[in-house]
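**Student:** Start from the sequences and build out the full structure, keeping to the hints where you can.
Chain residues, written in single-letter form:
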Amino acid sequence: MAQNMIKYIIKRILLMIPMLFLLLIITWILSRLMSIDPAANMFDPFTTDQATVDAMRRKLGLDQPWFIQLAIYIKNFFLGDLGQSYLGRSQGYQVTEYLGLIIPRTVELMIVPTILAPIIAVKLGVTSAAKKDKPADTIIRGIAVAGSALPSFLIGMLLMYFGSVILPALTGGEIFIPTIGNKDPTFDDPTPFTNFRIIDCILSNRPDLLLDTLIHLILPWLTLTIVSLAGITRVTRSTMLDVLQEDYVRTARAKGCSESSVISKHALRNAMIPTSTVIVAGFRNALIGSVIVERIFNYIGLGFTTWEAILYSDYWMILGIILYFGIIVLASNLISDVLYTIIDPRIIYK
Amino acid sequence: MEETQEIINTEIELKGKFKRMLKFYLLPFWRDEEFLAKEYELGKIKSKRKLFSRLYTPLTIIGVLILLFIAICAVYASWLTPYSIYDLNARPGTDPFAFPSAEHPLGTTILGWDIYGRLIYGCRTALTAGLQAITISVIGGIIIGVISAYFGGKIDSIIMRIFDILIAFPTLILVLIFVNLYGSELSNILTVYGVLGIPNYARLVRSSVLQVKENLYINAAKTSGSDNFRIMFSHILPNAISPLIASVFSAIGFTILGISALAFLGFSDSSIIDWGTDINVGRTRLFTKPWISLWPGIFVGVTVLGFMLVGDGIRDALDPKSKK
Numbered sequence: 001m002a003q004n005m006i007k008y009i010i011k012r013i014l015l016m017i018p019m020l021f022l023l024l025i026i027t028w029i030l031s032r033l034m035s036i037d038p039a040a041n042m043f044d045p046f047t048t049d050q051a052t053v054d055a056m057r058r059k060l061g062l063d064q065p066w067f068i069q070l071a072i073y074i075k076n077f078f079l080g081d082l083g084q085s086y087l088g089r090s091q092g093y094q095v096t097e098y099l100g101l102i103i104p105r106t107v108e109l110m111i112v113p114t115i116l117a118p119i120i121a122v123k124l125g126v127t128s129a130a131k132k133d134k135p136a137d138t139i140i141r142g143i144a145v146a147g148s149a150l151p152s153f154l155i156g157m158l159l160m161y162f163g164s165v166i167l168p169a170l171t172g173g174e175i176f177i178p179t180i181g182n183k184d185p186t187f188d189d190p191t192p193f194t195n196f197r198i199i200d201c202i203l204s205n206r207p208d209l210l211l212d213t214l215i216h217l218i219l220p221w222l223t224l225t226i227v228s229l230a231g232i233t234r235v236t237r238s239t240m241l242d243v244l245q246e247d248y249v250r251t252a253r254a255k256g257c258s259e260s261s262v263i264s265k266h267a268l269r270n271a272m273i274p275t276s277t278v279i280v281a282g283f284r285n286a287l288i289g290s291v292i293v294e295r296i297f298n299y300i301g302l303g304f305t306t307w308e309a310i311l312y313s314d315y316w317m318i319l320g321i322i323l324y325f326g327i328i329v330l331a332s333n334l335i336s337d338v339l340y341t342i343i344d345p346r347i348i349y350k
Numbered sequence: 351m352e353e354t355q356e357i358i359n360t361e362i363e364l365k366g367k368f369k370r371m372l373k374f375y376l377l378p379f380w381r382d383e384e385f386l387a388k389e390y391e392l393g394k395i396k397s398k399r400k401l402f403s404r405l406y407t408p409l410t411i412i413g414v415l416i417l418l419f420i421a422i423c424a425v426y427a428s429w430l431t432p433y434s435i436y437d438l439n440a441r442p443g444t445d446p447f448a449f450p451s452a453e454h455p456l457g458t459t460i461l462g463w464d465i466y467g468r469l470i471y472g473c474r475t476a477l478t479a480g481l482q483a484i485t486i487s488v489i490g491g492i493i494i495g496v497i498s499a500y501f502g503g504k505i506d507s508i509i510m511r512i513f514d515i516l517i518a519f520p521t522l523i524l525v526l527i528f529v530n531l532y533g534s535e536l537s538n539i540l541t542v543y544g545v546l547g548i549p550n551y552a553r554l555v556r557s558s559v560l561q562v563k564e565n566l567y568i569n570a571a572k573t574s575g576s577d578n579f580r581i582m583f584s585h586i587l588p589n590a591i592s593p594l595i596a597s598v599f600s601a602i603g604f605t606i607l608g609i610s611a612l613a614f615l616g617f618s619d620s621s622i623i624d625w626g627t628d629i630n631v632g633r634t635r636l637f638t639k640p641w642i643s644l645w646p647g648i649f650v651g652v653t654v655l656g657f658m659l660v661g662d663g664i665r666d667a668l669d670p671k672s673k674k
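One line per chain: the protein sequences are V and Y, in this order. Just so we're aligned, residue 1 is where the first sequence starts under the numbering used here, counting upward by one. Just so we're aligned, residue 351 is where the second sequence starts under the numbering used here, counting upward by one.
To be clear, the hints were calculated from the coordinates, so they are not data collected in a lab. The C-beta atom is built at its ideal place from N, Cα and C for all residues, glycine as well. Any given hint might turn out to be false.
One-sided and incomplete, this derived list gives chain V residues near chain Y with beta-carbon spacing under 7 Å [what the hints assert, rightly or not]:
1) 10
2) 29
3) 33
4) 34
5) 149
6) 150
7) 151
8) 153
9) 157
10) 161
11) 165
12) 288
13) 292
14) 329
15) 333
**Tutor:** Quick look at the structure:
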């Protein structure tokens with residue numbers, strides 16, 4: 001069986017290579033569909049003359065026929081050069097360099113919700129399915145439905161209001177949770193060893209900066225946890241309800257297994273298949289970043305940069321970000337397929 | 351013994367009575383002395399339509415009532431608020447960000463537009479947007495799903511691989527890019543949401559068509575000479591469609607959430623009244639006047655809640671495995 005699994009995994013990995021090329025081609029086609037001219041976009045339209053724009057066009061290779069441009073693009077991808085961003089906060093940085101600065105911030109933002117939410121949500125979903133129509137079920141369903149139905153920005157804004165207005169009012173101005181950005185503007189940065197701000201603060205031995213960063217991260221973590229909790233709880237509850245009707249659960253109960261072992265050993269593993277899809281999707285969303293949450297809390301991460309790049313039509317940055325998303329999506333598809341075969345080995349034999 | 355005989359007699363009399371009397375209940379001030387409360391309860395329980403009784407759960411009723419409320423707000427919008435769309439979205443008013451007063455029951459938002467009026471007119475946008483996007487998704491998804499599942503083989507696996515990747519992409523970012531390409535009118539946004547929703551439906555329809563295809567009557571239809579098109583859309587499709595109905599309502603809810611999120615980020619049409627733009631606009635005054643963002647947000651949440659409750663109720667009612 002292990003041989004079959006390894007063959008399946010190798011087959012899937014080999015399938016990824018043509019998909020990578022397809023992704024590059026599609027990204028390039030998308031870039032051609034955008035009606036912006038990268039060379040003209042870089043300069044102020046009123047003060048620069050045509051010669052500078054033409055020189056820039058030649059430098060970027062934009063006057064060559066389309067297949068040569070595609071070849072240049074693919075060659076640059078494999079060389080690691082994704083262009084240079086020229087608008088907005090990331091002005092002057094190379095795209096790969098700027099993404100290297102920004103992605104750790106998003107990972108810091110997303111890592112706690114991605115780990116915490118599935119653990120809590122699976123437990124809640126299982127409890128809600130096992131105690132169906134009892135008060136616990138109603139409460140958990142209420143929370144799950146409220147977390148799914150309310151938009152995530154509303155939950156974020158309510159938490160902001162709570163942290164900055166209600167909490168100081170209740171405690172007489174002592175405690176408040178800051179809501180904007182990822183650090184107090186009067187604090188400086190720790191020395192950038194790894195670009196992960198938390199790890200940098202630990203490594204450069206600055207506990208005050210560490211505490212400040214963590215306090216700024218509490219509300220975004222809470223928002224993201226609530227939103228993912230709701231979705232995973234609903235999926236777990238519905239699949240668990242389906243599984244608990246099956247015959248093998250009835251057999252296990254008739255055999256005399258304790259109720260907790262019936263649920264956690266027999267029923268849960270079969271119910272985890274759709275849930276594992278959602279959890280892997282959560283990890284993928286963690287690497288992609290959330291545009292909405294980062295915009296609310298003004299947290300400079302990958303989502304915020306995406307929004308800014310699209311707003312300002314920052315050509316190379318948009319391409320670089322789409323390419324990054326495509327790679328993440330392909331990799332996460334591969335991982336979720338492999339995970340499927342581990343959880344449910346019957347899939348290979350189909 | 352006599353009491354049970356009496357109850358049985360009463361039940362036999364009731365066999366058509368509830369239906370016959372139903373039209374009189376809709377008349378106000380009508381009363382029938384013989385129709386006691388007990389008989390009314392008995393008549394209710396003996397409803398012959400099982401699907402209706404499976405749908406008649408408390409949460410589904412709440413969902414239907416919420417949807418009815420939003421629909422009434424959308425249809426009777428001009429009666430419910432004295433302002434016209436022109437006053438609410440085009441002409442600057444006098445007092446921006448004012449406190450609630452007599453003319454403006456919930457206060458005003460940027461440029462002096464009445465919040466309560468924008469809430470009521472926003473119901474129209476929400477309902478039409480959700481339905482329009484879902485129609486494209488469902489029709490495209492059904493066609494592609496049935497075709498790919500029926501023919502199987504290479505076409506099926508290629509289409510499903512493409513759709514797997516398309517599902518995995520975050521829709522918000524794709525919609526942002528396409529809105530940037532093609533302009534931010536409402537019809538463009540809804541078309542993009544519709545097209546991006548096709549993979550979900552294609553996968554649902556495909557899995558149920560794969561199950562229906564194994565039945566014997568399909569083989570019989572093929573043997574008696576039906577062509578492929580007829581088998582696909584007259585024999586297979588009606589049997590494969592029930593999981594689709596259950597997920598349409600939840601999907602409308604998620605589409606409304608997605609459109610609000612897009613409006614919140616600022617990329618939506620500025621010539622329509624949308625709850626998302628109101629939330630975005632009220633963000634600057636969040637700490638001093640939170641109700642400006644709060645009311646549209648509550649309405650979005652309540653609308654999506656209604657759709658999700660109805661969707662869950664229909665799914666539970668149509669599912670053959672759930673016990674009642």
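**Student:** Each hint: holds or not?
**Tutor:** Each hint tested on the structure:
1. 10: violated (17 Å)
2. 29: violated (12 Å)
3. 33: With a closest approach of 6 Å, the residue 33 of chain V hint holds.
4. 34: holds (6 Å)
5. 149: holds (4 Å)
6. 150: With Cβ-Cβ at 4 Å, under 7 Å, it holds.
7. 151: holds (5 Å)
8. 153: holds (5 Å)
9. 157: Hint on residue 157 of chain V: holds, closest Cβ of chain Y at ~6 Å, below 7 Å.
10. 161: holds (5 Å)
11. 165: Constraint on residue 165 of chain V satisfied, holds at 6 Å.
12. 288: Since the shortest Cβ distance to chain Y is 6 Å, the answer is holds.
13. 292: holds (6 Å)
14. 329: holds (4 Å)
15. 333: holds (6 Å)
In this structure, the earlier hints numbered 1, 2 are contradicted, and the remaining ones agree with it.
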